Structures are given as structure tokens and as C-alpha cells.
Amino acid sequence: MASITFAGRPALELREYKAYRIGSDITAKDLDFCIVDKSVAKFHATLTRAGPRLYLVNESRVGNVFVNGMGIGSVTLISIRNVINGVVRLRFGNVEAELRVSPNMTG
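Sequential numbering of the sequence shown, starting at 1, is according to the UniProt record's numbering.
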């Protein structure tokens, strides 16, 4: 099981084989997470759960995406090495999120 939580929002369980789009465009109907913050691009990142694996893609040319404080370039496999006490800390621009991961995830 894997779920993501943004500050002040309820956790959302990530379904298998679904891509979740993250951005700031309040008019976009295809965003799964709309974050109204100047540091977040209109289409900032994609988080995909593919079976036991989680992939994070930085879709923004100007916005930053971080996994446990480390910036990522394009596609990143979130592995068991990223999980600290069941949590991976994510940041999209200046907005923080927690990715909660069960031990059988991140193959």
C-alpha cells in the first residue's frame, strides 16, 4: 500500500497502475492534486504506482521536485532506500508532501 498526503489534506491511497498528475493549474481537469502555490508549475510532476514500484517524474522545466531533500532530474524510481520509518518526504517547489509506503512496496 502507498498513500500521499499534502499539508492540511487527507491522505489519498495510490491505486495500482495509475498516474497522478500534480500541478497548480486550477482550471485543469486532469490534475489529481492541484496545489495553489507560486513555486508549483501548472503541470509540475507525475507520481505513478506500477505494481510494487513507485515512479516520480519532474515534468516542470523550472520547478523543483525533491525526494528526501535531494533534487531529482526527470524519472526517479522511489526505492526502499528512500523510505525512512515508512515515509518518503517529497517536495514540489516549496510544498511538502509525505508518501507513506508499506514494506512490500518499492520492489
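There may be inaccurate statements among the hints.
Unchecked claim - Think about it this way: if two alpha-carbon atoms lie no more than 25 Å apart in a straight line, the pair counts; the simulated DSS-like pairs of lysine-lysine are:
#1 K42 to K29
#2 K18 to K42
#3 K18 to K29
Unchecked claim - Listed next, with one range per pair, are the computed distances between beta-carbon atoms:
#4 K29 to P103: 18 to 28 Å
#5 F66 to A19: 16 to 26 Å
#6 C34 to R61: 16 to 26 Å
#7 R89 to A19: 14 to 24 Å
#8 R9 to S102: 13 to 23 Å
#9 S102 to P10: 12 to 22 Å
Hints were generated in silico from the structure; no laboratory data involved. All figures in this text were calculated on a predicted structure; none of them were measured in a lab. C-beta: ideal position from N, C-alpha, C; glycine also.
Tested hints:
1. Note on K42 and K29: the hinted pairing holds, with a Cα-Cα distance of about 12 Å set against a maximum of 25 Å.
2. For the given pair, K18 sits about 20 Å from K42 by alpha-carbon distance, which is consistent with the 25 Å threshold.
3. Taking the CA atoms of K18 and K29, the gap is about 16 Å. The hint holds against a cut of 25 Å.
4. At roughly 35 Å, the beta carbons of K29 and P103 sit outside the given window of 18 to 28 Å.
5. For the pair F66 and A19, the beta carbons lie near 20 Å from each other, so the given range of 16 to 26 Å is met.
6. Look at C34 against R61: about 19 Å separates their beta carbons, and that is inside 16 to 26 Å.
7. For R89 and A19, the Cβ-Cβ distance of about 21 Å falls inside the hinted range of 14 to 24 Å, so the restraint holds.
8. Between R9 and S102, the C-beta spacing of about 20 Å keeps the proposed range 13 to 23 Å intact.
9. Distance hint for S102 and P10: a CB-CB separation of about 18 Å, consistent with the stated range 12 to 22 Å.
Hint violations for this structure: number 4 only, all remaining hints satisfied.
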